[in-house]
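Trainee: Letter by letter, the chains look like this.
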Amino acid sequence: MVDLGFLSVGKKERAIFDGMLEHLAIVSRTVDAFAASVEKVGKGDTASAEELTRSVFEGETAADTIHRDLSLKVAQGAFFGGVREDILNLLEKIDDIADSAKDAARFLSSDSRLGTDARAMLGSENMKLFLDDLRSSVAALTNLVRAFDGGKAEVLSKVHSVEEFEEWADSRKDTLMKQLFANSQGMDPVTVIQLRDFLFVADDIADNAEDAGDVIIVLVAKGYG
Amino acid sequence: MDSLLLGLAATLAFLFGWNNSSFLIGNIRGSGTLSYRVAVIISIIGLFLGVLLEGSKMATSLSGSLAPSTTGTVLLATLLVSVFLTLGLTLLSLPVSFSVVMVGAFLGATLSSYIQVNVLRSEEVIAFWFLAPVATAAITFAFYSSATRLVTRFSLLTVDSLNRTGTVVSALLVSYTLGANNIGMIFGSTQSGVLEGTSGLETLLLLVLVAAVGLAILGRGGVSGTIGDKLLVLSPQGVFSAFLASSAVVWIGTQRAIPVSISQCLLGGMLGAAYTKSITVLNRRLALETVSLWVVVPMISFGLGYLLLRAF
Chain A
5 MVDLGFLSVG KKERAIFDGM LEHLAIVSRT VDAFAASVEK VGKGDTASAE ELTRSVFEGE
65 TAADTIHRDL SLKVAQGAFF GGVREDILNL LEKIDDIADS AKDAARFLSS DSRLGTDARA
125 MLGSENMKLF LDDLRSSVAA LTNLVRAFDG GKAEVLSKVH SVEEFEEWAD SRKDTLMKQL
185 FANSQGMDPV TVIQLRDFLF VADDIADNAE DAGDVIIVLV AKGYG
Chain B
134 MDSLLLGLAA TLAFLFGWNN SSFLIGNIRG SGTLSYRVAV IISIIGLFLG VLLEGSKMAT
194 SLSGSLAPST TGTVLLATLL VSVFLTLGLT LLSLPVSFSV VMVGAFLGAT LSSYIQVNVL
254 RSEEVIAFWF LAPVATAAIT FAFYSSATRL VTRFSLLTVD SLNRTGTVVS ALLVSYTLGA
314 NNIGMIFGST QSGVLEGTSG LETLLLLVLV AAVGLAILGR GGVSGTIGDK LLVLSPQGVF
374 SAFLASSAVV WIGTQRAIPV SISQCLLGGM LGAAYTKSIT VLNRRLALET VSLWVVVPMI
434 SFGLGYLLLR AF
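As you go down the protein sequences, you meet chains A and B in turn. Numbering-wise, the working numbering comes out as the position in the first sequence, counting from 1, plus 4. Numbering-wise, the working numbering comes out as the position in the second sequence, counting from 1, plus 133.
Careful, some of the hints might be misleading.
[Claimed, not checked] Below, a list of computed lysine-lysine pairs in the DSSO-like style, where the Cα atoms sit at most 27 Å apart:
(1) A:K156 <-> B:K410
(2) B:K410 <-> A:K162
(3) B:K410 <-> A:K226
[Said to hold, decoys possible] One-sided excerpt, in silico: chain B residues whose CB lies under 7 Å from chain A:
(4) S164
(5) R286
(6) D293
Don't read these hints as lab results, they were simulated from the structure. The beta-carbon is built from N, C-alpha and C at its ideal position, and this holds for glycine as well.
Make a model of the complete structure from these sequences and hints.
Mentor: Okay, here's the thing in C-alpha cells:
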C-alpha cells in the first residue's frame, strides 16, 4: 500500500471516513447487544434481556444521529461528485443494519407469551450459529471499510467475506424456519408468526451488510477508473 | 475600421467564453469539486495567464502565416463570418471550433481579395488539425494506462483527493492553453498594422475580460455535456488524461502559431481513454455529427468569407 497522505487535500473526507468507522462500531455493538438479548431470552433471563434490548434501542438511536451528521457533511460537498451518492448510500445501508437489529429486538421485547418451545428455539445451537453469522457479517463489513485505507486489491479481497457470512446466515435462517414449523404444533400461532417475522427481520442484518458491500464495489469501480 | 474590428473581435471573444464553458468549467462543475463561482475564477485565471504569457505567439497565426499580409477588409470579413457561424452553432448547443471557423473564413476572404495564400503553411495547419486528435488519443492512452496502474495502490481516500485535484488542474491547463491559442488568434485578427498605435497588451486584456464575461454570464449549460457525458462515460482519471493530453497538443500548436481546436483534441483524447479500457459503448451518432462539423463548418466559413468579400 502506498500512502500519499501528504498529497491529500481531503481533511473533510478523512473525517467522514473516521465517522463511518465510528458509525460501524456503534452498529456492531448494537448487533452484539441484540444477539446477547436473544440468548438471554432463550435462557429465560428476562431482566438481562430487557436491559440488553434497551442497549439495542439506544445503539440504534446513536447510529441514527451519526448517520444524519455524516450524510449532512457529504451533502455539503465532500468527496468527488460522482461518488457522493454512493457514499450516502453506503451510510444508509450501514444504518439499516442497526435498524434491522432494533426491529428484530422489538419482536422479542414483549416476551411474556413465549412458551418453552419458543425459548428452546431461541436458545438452540442453530440460533447461536445464526447470531454468530450476523455478528460476523457486520465484522467483515467493518474490515472491508477499514480496507479503504489500503489499495484496490485489498478492498476487493475482503468483499467476498461479507457475502459469505450473508449466505451462511441465509442458510441458517432456512434451517431455523424448518425447525420452527416442525415444532409449531405445540406453539401458540401468534408466537409462530412472531418468531417467523423475527427470523426474517434478523436476517436483514446480514442482508444490509451485504448490500453495503455491494455499494463498496461500486465505489471501487468508480474511484479507481 | 479599427474600432469595428476590435468590436467584432470582442464579440467573438465573448462567444468564445460562452461556447467553451463546457471545457473551461464543465469538468469542475460536473465533479461537484468547486462552486460555480470558484470554477469561473479558476478558468479566468488560466485564461489570463495563457494570454499574457503566450498569447502573443498567435499574433501572426492568420496574417503573416497563412498569408504574407492582409487588409482590414479581409479581417472584417473573417470576423463577421466567425461571429455569425459561432453564434449560430452556439445557439444550437453545438461545440464550435473557433480556429477552424476563423482559418476557413480568413482563407476564403484572402483568396477572394487576390492576396497570395501561403499554400504550404495552410497545408501544415490542416495536417496538424488531422494529426491533433490522433496525437491526443495516443498521449491519453499512454497517460491513462499508467495512471490507472499507479492509483490501484493508493487508498480510496487518496484517489478521491487526486481526482478532485486533477479536475482543478485540468481546468487550469485547458484555460491556459485555450487562452493562449484561441484568444491569441482572435487578437491576431485585429493586428497586422491595421491598428497602429493600439497597445497589444491592452487589446489582449480586453479580449480576455470579454471572454470571462461570456463565460461567467452564459456559461452554465447548453454546450456543456455535449463532448463529455453524452459521448461516452469516462472515469475521473480518464477525463483528466484526455484534458491533459488535449492541453498539451493545443500548447504545441501555440508554439507553432497554429490555431487548434480543443474539441477536436478532446474527442481524440476521449477515444484514446475509451480504448484503454476497451470501452465499446460510444455515442456514434454524436461522434459522427461532431466529426462532420469539422469538415462542413470550415467549408461553410471558407465559402462565406469568399462571398462576403466579393460583396464588399
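Trainee: Please go over all the hints and tell whether each is borne out by the structure.
Mentor: Cross-check of the supplied hints:
1. A:K156 <-> B:K410: holds (17 Å)
2. B:K410 <-> A:K162: Holds, at roughly 24 Å.
3. B:K410 <-> A:K226: holds (13 Å)
4. S164: Given a least distance of 5 Å, the restraint on B:S164 holds.
5. R286: With Cβ-Cβ at 5 Å, under 7 Å, it holds.
6. D293: holds (5 Å)
In the structure shown, no violation is registered for any of the earlier numbered hints.
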